[in-house]
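Line by line, the protein sequences give chains A and B. Per this note's numbering, residue -18 is the first one in the first sequence, and the count goes up by one each step. Per this note's numbering, residue 514 is the first one in the second sequence, and the count goes up by one each step.
Just so you know, the hints here were simulated from the structure itself, not pulled from any lab data. In this text the structure is predicted, and so the values were computed from the model without any measurement. You may find that some hints are simply not true.
[Stated by the list, open to error] Residues on chain B that point at chain A, a partial pick, calculated with CB under 10 Å:
id	residue
1	ALA528
2	LYS544
3	SER547
4	THR550
5	SER818
6	ARG822
Where is the CB? At the ideal position from N, CA and C, for every residue including glycine.
Below, each chain spelled out in residue letters.
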Amino acid sequence: MLKLQNINRRFGDKLAVKNVNLSIASGEMVGVIGQSGAGKSTLLRMINQLIATSDGAIEFDGTKVSSLKGADLRNWQRDCAMIFQQFNLVPRLDVLTNVMLGRLNRRNTFSSLIKSFTEEEQLEALEALERLSIAQTALQRAGTLSGGQQQRVAIARALMQQPKMILADEPIASLDPRNAKVVMDSLKAINEDDGITVITNLHTLDTARNYCERIIGMAHGEVVFDGPPEALTTEVARRIYGAEGLKDAFSESMTSTSLEDDNETPAQKRRGPYRDADEAHVTLN
Amino acid sequence: MGAVSQSSPPKLSDATKKVHQHYQELARTKKLYSFLTIGILGAILVAALWFANASNSGKFIDRIPYFFDFVLNFLPDDPLEIFRALFDLPSPYADGSLKYDYEEGRHYLFGDFYLPEYFYEMLVTLNIAFVSTLLGGGIAFVLCFFAASNLVGSKAVRFVVRRIMELLRAFPEIVIAGLLAAILSLGPIAAIAAVSIHTIGALGKLFFEVVENADMKPDEGLRAAGASWVERVRFAIVPQVLPNFTSYALLRAEINVRASTIIGAVGGGGIGEVFRLSLSRDHAAKTYAIILLLFVTIVAVDQLSGWLRRKMVGDQAFQFGA
Chain A
-18 MLKLQNINRR
-8 FGDKLAVKNV
2 NLSIASGEMV
12 GVIGQSGAGK
22 STLLRMINQL
32 IATSDGAIEF
42 DGTKVSSLKG
52 ADLRNWQRDC
62 AMIFQQFNLV
72 PRLDVLTNVM
82 LGRLNRRNTF
92 SSLIKSFTEE
102 EQLEALEALE
112 RLSIAQTALQ
122 RAGTLSGGQQ
132 QRVAIARALM
142 QQPKMILADE
152 PIASLDPRNA
162 KVVMDSLKAI
172 NEDDGITVIT
182 NLHTLDTARN
192 YCERIIGMAH
202 GEVVFDGPPE
212 ALTTEVARRI
222 YGAEGLKDAF
232 SESMTSTSLE
242 DDNETPAQKR
252 RGPYRDADEA
262 HVTLN
Chain B
514 MGAVSQSSPP
524 KLSDATKKVH
534 QHYQELARTK
544 KLYSFLTIGI
554 LGAILVAALW
564 FANASNSGKF
574 IDRIPYFFDF
584 VLNFLPDDPL
594 EIFRALFDLP
604 SPYADGSLKY
614 DYEEGRHYLF
624 GDFYLPEYFY
634 EMLVTLNIAF
644 VSTLLGGGIA
654 FVLCFFAASN
664 LVGSKAVRFV
674 VRRIMELLRA
684 FPEIVIAGLL
694 AAILSLGPIA
704 AIAAVSIHTI
714 GALGKLFFEV
724 VENADMKPDE
734 GLRAAGASWV
744 ERVRFAIVPQ
754 VLPNFTSYAL
764 LRAEINVRAS
774 TIIGAVGGGG
784 IGEVFRLSLS
794 RDHAAKTYAI
804 ILLLFVTIVA
814 VDQLSGWLRR
824 KMVGDQAFQF
834 GA
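If we strip away everything but chain A, and leave its shape as in the complex, we get (with noise of 0.2 Å):
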């Protein structure tokens, strides 16, 4: 159980995120919706406490997340795993090595430095690759593969760290829909398959409504809905959108996810794009 407690977060004199309560049980997938400069990022930062709080709490199954520091803050931040928008691979370390190094809270520094892993790491991590059909680029850099197969690779890398939780950054805003619907069944297949609690942002209403079983929309800062996807009516929607954001969020939704056919049970949706891997960018060297 994840419990946010009055959080407030300054920028300068700047309020970004103001008074947020929140609880969030184990297993709940909740996608945090609302327009560019919500303060969507900002909580997610501090979640994982990438950033700090200005006031308020982070609860996590009774440990106070917030005021954590130098080692129990590296184990918190392996436990919630973070999915950024930009990918944030090394890019000139090959596809493996990227995956690897989710581990590294796991391991022993020095170990880690001269980049020997152990053959159980290596099959976890192709393992992982697998599952996000992309073991094939394993050895290319991950700098040469598309938005689509870099973002299943920070998936795999935040498998990797075993975490209890994933957060993840508007995972999809920089792919094309085909792409961004894969990333998104990944993270749902996860989320339903190992129990882990996945956090999404995302600026389209219509992914959060397909993909999430709860949504937080924020505005300004500040939470305006929290509740599951039925609730979510286009007063609700104004209301986080603005009445000129509205007509944004309902147009980008067409270059999101909306790709699939309609016939397609969300089952069958999700197991498309295990189905058919990236054959085109297949390379064995």
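Once you've looked at the hints, dock chain B against the given chain A.
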């Protein structure tokens, strides 16, 4: 934890197993090369140190007991003499010799107000460094864009510009100063020319490497808008590279302060020249006064350049985290 857990042995497809085999082969080769490289470098280092020691006139180990002899025998009459020498105050030990003629060096500015000799000489040195950093940096700034492979397609142009830069930085400042002194006569002008020439070569190389690392997307954007080469350099490249250029130029300014001090010792004027004189004449108080002044100046220049870099590059570059 499903698929990614340590308890259940992972089951990989045959294709992935092949990838794994390949990875292990690559890793083994890399490891072998790393060990070989480290071993060879280590052997070379040991051999080089042995050679250096063997060609030394006295043996290093044998000389260690005499390490402090110079400092012990080279002492001023009393510690206050250092400050009298530094601020050109009359010495109680004055006997008409050059050793105690501190007041002689005063540079009167107006009335009784004077600039002590060593402060004046320090200014001469700082001036050499400042002028040659500006001159050399300016010319390097213009040249560097013609040496960058992402901006200039013609191999011939790049080749010529790069060789010019290499030639300019091939000789140490002190050698150039020696050559130029024959033409420009001894003094700060020869020093400025020498340090500037070396600065063009050294900064030019650093600058064009920064340019080659620039992101070319803005350039593509402006090219698509019909901008000329000069316009693209001005608006797509310069804004990106300027912070790095500033850092390198300020680092070069610090190096040039030291370089112009050394040039002074071979006749380039400034603090280096008076330092060499006082040292060779066995004037301990003067020598320590100059060492003190040099130390304070170099710390001050470092601080100043750090502050300037902060101002010019912007604070956000120094902030921790996001």
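Hint check results:
1. Annotation: ALA528 of chain B was flagged as interfacial toward chain A, and the flag holds, the nearest CB pair being 6 Å apart, inside 10 Å.
2. For LYS544 of chain B, the shortest C-beta to C-beta distance to chain A is roughly 8 Å, which falls under 10 Å, so the interface hint holds.
3. About 8 Å separates the beta-carbon of SER547 of chain B from the nearest beta-carbon of chain A, less than 10 Å, and the hint is met.
4. This hint is violated: THR550 of chain B has a C-beta 13 Å from the nearest C-beta of chain A, more than the 10 Å allowed.
5. Restraint check, SER818 of chain B versus chain A: the minimum CB separation of about 28 Å is more than 10 Å; hint violated.
6. A cut of 10 Å between beta carbons decides the hint on ARG822 of chain B: the least distance to chain A is about 23 Å, and the hint is violated.
In the structure shown, a violation is registered for the earlier hints numbered 4, 5, 6, in ascending order.
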